[in-house]
Amino acid sequence: MGEWWTTETSMENYEISSISHVTMSPSRRNNLVSMYSFPLSKSSYSVISAFCTEDNIPQCISYINQELASLGLSSTCIEAISPGDTGLSTVPALNAMYELLQIHRRSMCNLEELEREQLRKSSTLEHIQMSNTRLKDQLELSIREKSGLHETERQLQLKIKTLQSCLKTEKDEVQKLQSVIASRASQYSHDAKRKEREAVKLKERLSQLLIDRKDKKLAIDVLNCLGRADGKRRHWKTTKATSSHEDEMYKSLLSDYEASQRSLMLENAELKKVLQQMKKEMMHILSPRQPSTRGATADDSQEQADLDGEAKGGDASRESLDQYCEHAREQLTNSIRQQWRKLRNHVERLDSQGTSQNQLESNKEVIPRETHEDEMERMRCEVQQCREFIHAQQQLLQQQLNTSFDDETAALLNDCYTLEEKERLKEEWRLFEEQKRNFERERKNFTEAAIRLGREKKAFEEDRASWLKNQFLNMTPFTHRRRYSSSDGQSALSISKSVASNGLNLTKITASLRVEYL
Amino acid sequence: MTNHTAPVSPVSHHRHITRNSCDCKMNFSEVFKQTNQLCKVSPDGKYLATCVQYRLVVRDVSTLQILQLYTCLDQVSHMEWSSDSLFILCAMYNRGLVQVWSLEQPDWHCKIDEGSIGLVSSRWSPDGRHILNTTEFHLRVTVWSLCTKAVSYIKYPKACQKGIDFSRDGRYMALAERRDCKDYVCVFVCDDWHLLRHFETETQDLAGLEWSPNGCVLAVWDSCLEYKVLLYSLDGRLLSTYSAYEWSLGVKSVSWSPSSQFLAIGSYDEKVRILNHITWKKITQFEHPAIIDNTKATVYKEAEKRPGVGSDEMPLHNITMGATLFNTQSKYEICPLPVQIPVVKPDPDRASPKIGISVLAFSSDSRYLATKNDNMATAVWVWDMQKMSLEAVLEQTSAVRCFQWDPLRPRLALCAGNTKLYLWSPGGCVSVQVPTEGGFQVQSLNWHCSGDSLILLGKEQLCLCYMDTDQEDK
Chain A
1 MGEWWTTETS MENYEISSIS HVTMSPSRRN NLVSMYSFPL SKSSYSVISA
51 FCTEDNIPQC ISYINQELAS LGLSSTCIEA ISPGDTGLST VPALNAMYEL
101 LQIHRRSMCN LEELEREQLR KSSTLEHIQM SNTRLKDQLE LSIREKSGLH
151 ETERQLQLKI KTLQSCLKTE KDEVQKLQSV IASRASQYSH DAKRKEREAV
201 KLKERLSQLL IDRKDKKLAI DVLNCLGRAD GKRRHWKTTK ATSSHEDEMY
251 KSLLSDYEAS QRSLMLENAE LKKVLQQMKK EMMHILSPRQ PSTRGATADD
301 SQEQADLDGE AKGGDASRES LDQYCEHARE QLTNSIRQQW RKLRNHVERL
351 DSQGTSQNQL ESNKEVIPRE THEDEMERMR CEVQQCREFI HAQQQLLQQQ
401 LNTSFDDETA ALLNDCYTLE EKERLKEEWR LFEEQKRNFE RERKNFTEAA
451 IRLGREKKAF EEDRASWLKN QFLNMTPFTH RRRYSSSDGQ SALSISKSVA
501 SNGLNLTKIT ASLRVEYL
Chain B
519 MTNHTAPVSP VSHHRHITRN SCDCKMNFSE VFKQTNQLCK VSPDGKYLAT
569 CVQYRLVVRD VSTLQILQLY TCLDQVSHME WSSDSLFILC AMYNRGLVQV
619 WSLEQPDWHC KIDEGSIGLV SSRWSPDGRH ILNTTEFHLR VTVWSLCTKA
669 VSYIKYPKAC QKGIDFSRDG RYMALAERRD CKDYVCVFVC DDWHLLRHFE
719 TETQDLAGLE WSPNGCVLAV WDSCLEYKVL LYSLDGRLLS TYSAYEWSLG
769 VKSVSWSPSS QFLAIGSYDE KVRILNHITW KKITQFEHPA IIDNTKATVY
819 KEAEKRPGVG SDEMPLHNIT MGATLFNTQS KYEICPLPVQ IPVVKPDPDR
869 ASPKIGISVL AFSSDSRYLA TKNDNMATAV WVWDMQKMSL EAVLEQTSAV
919 RCFQWDPLRP RLALCAGNTK LYLWSPGGCV SVQVPTEGGF QVQSLNWHCS
969 GDSLILLGKE QLCLCYMDTD QEDK
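Residue numbers (the working numbering), protein chains in the order written: chain A, 1 to 518; chain B, 519 to 992.
Keep in mind the hints are simulated off the structure, nothing from the lab. Glycine included, C-beta positions come from ideal geometry on N, C-alpha and C. Treat the hints with care, since some could be wrong.
What the hints assert, rightly or not - Label pairs and their calculated CB-CB ranges:
no.	chain 1	residue 1	chain 2	residue 2	range
1	A	ASN474	B	ARG755	38 to 46 Å
2	A	HIS284	B	GLU764	50 to 58 Å
3	B	LEU926	A	GLU442	35 to 43 Å
4	A	ASN224	B	SER916	29 to 37 Å
As the list claims (entries may be wrong) - One side only, chain A facing chain B, incomplete, derived with CB under 7 Å:
no.	residue
5	SER186
6	GLN187
7	HIS190
8	ILE220
9	THR239
10	THR242
11	HIS245
12	MET249
13	LEU425
Said to hold, decoys possible - Non-contacting residues of chain B with respect to chain A, defined by C-beta distances greater than 10 Å in every case (computed):
no.	residue
14	VAL549
15	PHE550
16	PRO561
17	HIS712
18	ASN732
19	SER761
20	VAL857
21	ALA869
22	ARG919
23	GLN922
24	GLN959
Please put together the full structure from these sequences, using the hints given.
Pasting the structure below:
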């Protein structure tokens, strides 16, 4: 109760001071009041004096009554003691002040509560925030851990797979070894059983012998002794004999080694010869036949070939000594390899050029084809001319038949003519038939001859190829290959001559056909 | 192929004349009896000796007339001509006896009794005057001299696939010895049985040895449990060792080429490896795949042409030929690649499985090599040694029993346990029916040393096939 007395100035304090003073306890408030009461009252007085002066007291009073009414304190109003007087009736004023104090107190309490509430809430919020951050950190950490664990799991899976495959291979190997062991074991057991059986037989026989003791002596019974197979007398067994055996044995061994060495040397020499020849031929192939297209490379290879030739030319004389020389052998093989490489490149180049030069090469066949075309043209013209001639003849014949309209004489004449014509025609038909037959015969002969010619030509080509092959092979030391006789080439030529000399009427055509075949 | 049957005349022995696509006339003789597949031509090619039960019959090769007849004491287990074609050895393993007969003097007799020690094998020495008997359990090898009646003993001979081999010139004998669980090779001079060399071999369990044809190199191979081939010079130096792989079963067969240039090694992995005589290194290997593809070789497949049961063509033939109703003729067809060869998988639990190259044979000119893979028993593979590639494959309808090269020409004769004889040459392949009554199944064959005739052996019969090869494939 005593509190609200002293809160007079505290109300004034509240108007001026900040909220922080609200939390003060009443006792402290008392002190503050006592500290600040004097200057504040002064200042409060200055504030109040701003609102109410001696002039506007009734206005102030009414204003304050309005305010009180708006606050809900309509019961208390301030009155002046008497109108026009500057004094106030104390009872309503005190009541109004008391009401206001109550209101103020209530609002202070509320404020306190609210502040308390707010404090609590802010502390919980802080707490929650802290826990939130902590949880977030924990979450991150656990996510990282999880990914780490995933990684390790993946690696472990891989490891499992490799280990499984290793296990599989090991199992297979084990199986294989087991089967080997099994077969060996069965072989061992088989052998062991065999040996055991033999031992058993031995034991039996031994026991039999010991028991029986029949003493069947081993002996040979010959009617008469034989002579030695080679008829000589038997020699005494002396040390000389034994040493002679040793000598013989070593002699036979040595002769075998010598024979094999000889054959190896021969083979070696032959192979060397072959290599030399191959090298020479390769050089020959590579060097002279590069006139226009190669240019600089030709000169290079030629130079190389020349150098090689010079080097090898000197060596040829010392060949027999060089057989044992490692260096010479290497040189030979290296030079062969070089030449072979060059030859191969050359052939490859030729191949690539050959495809591009196909058009050029086809020119070779253009010339005979041209003559062939000419011949064909000429023959076509001839045929055309003959046709025209026949056509003209027909027309004339027709005209002739048409012009003569005299009945009987014409008819007679016609008859005669036709008869004559018929006769002539018959004659001509006969001649024609004969000629046709002759022609057919000639043509058949000719085609046969032409076919034969073609065959002979093919045979000749084959012979030539085989002869060339033989030639090439014969340059090698493989002498046991047979040589084919190539006498058939000549016979082909003779046959073609006989064809030519047959004396045909169609010589032109045969000439052209022959050209075609060739 | 025409099969012309002449009427049977009791005198002539050459009955059936056939002309085949190889353009050589083939005369088949009558069928004679034999036991134990003992039928050998003398080294000079003039006589044919056969054993029938306990008799030894010597015939002239061209006329097949009986020249001599000898009687042995028991059933003959082994029979062999001496190198000079004058004597024949008959061994009876049950009784431990060996009897030697002379061709020139039929009264001459010789009997060797091994007594209680038993007899497992008996053979001539190259000079034809000594006999080597291997006693039971391989206790020792007794060398009997027919000139002096003297005896020599060789101790600790090894019981293996091929423990004794004579060099081709007959001067040396190599013998495998097993002493104190180690393998040794003894080289004897056949002249006086003097021990020339005695050396240890680096084998675990020596299985065989063979001289090269030129007599200078001895090939020694280990048992199938270890792949190892050792080459020793005549004086006992180790020239080279060859081992293709470890652990799996190894060498099954070994053969020298007649020129001594190549050594062919057939193994259980179905491959043949060829070593050359200069470096003793492998120069090539021949594989035997089940599917043949990508090769220039010709594959001949035997196709049977069965005569139809109700065909009108041959009723008369059938009546006269009798059993030939069941003898189907066959011919070879060239198969286009790829070809699949029938494979029989061997039992994995058994020892010595039927897989791998068991037979290798070089032709006399060393040009061709014929091989047989045991799990493809119906096929014979012919390889060209010049080109080092497969030349031909012959696929038969039944398992091939035996094949042998002509001693003079590159011509291979083979038989498959049926009534046919097959011939291959680089020119082609032909199947010839052996025209005998009663079905003569050819189990094995031998060429005559002149290459003009073949001796075909059945189970208890034999038949000669004379060939007139006039200017065949040159």
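The hints, checked one at a time:
1. ASN474(A) <-> ARG755(B): 38 to 46 Å: 44 Å Cβ-Cβ, so the 38 to 46 Å window holds.
2. HIS284(A) <-> GLU764(B): 50 to 58 Å: At 54 Å between Cβs, range holds.
3. LEU926(B) <-> GLU442(A): 35 to 43 Å: violated, 59 Å
4. ASN224(A) <-> SER916(B): 29 to 37 Å: With a Cβ separation near 51 Å, ASN224(A) and SER916(B) fall outside 29 to 37 Å, so the hint is violated.
5. SER186: Holds, because the Cβ-Cβ distance from SER186(A) to chain B comes to roughly 5 Å (cut-off 7 Å).
6. GLN187: holds, 5 Å
7. HIS190: holds, 3 Å
8. ILE220: holds, 5 Å
9. THR239: Not OK, violated: THR239(A) not within 7 Å of chain B, min 11 Å.
10. THR242: Holds - the Cβ of THR242(A) comes within 7 Å of chain B, reaching about 6 Å at its closest.
11. HIS245: holds, 5 Å
12. MET249: Since the shortest Cβ distance to chain B is 6 Å, the answer is holds.
13. LEU425: violated, 64 Å
14. VAL549: holds, 35 Å
15. PHE550: holds, 30 Å
16. PRO561: holds, 12 Å
17. HIS712: violated, 6 Å
18. ASN732: violated, 6 Å
19. SER761: holds, 15 Å
20. VAL857: The assertion about VAL857(B) holds, with a minimum of 28 Å to chain A.
21. ALA869: At roughly 3 Å from the nearest Cβ of chain A, ALA869(B) sits no farther out than 10 Å, so the non-interface label is violated.
22. ARG919: Nearest chain A Cβ is 24 Å from ARG919(B), so the label holds.
23. GLN922: With a cut-off of 10 Å, GLN922(B) remains clear of chain A, as the shortest Cβ separation is near 27 Å.
24. GLN959: holds, 30 Å
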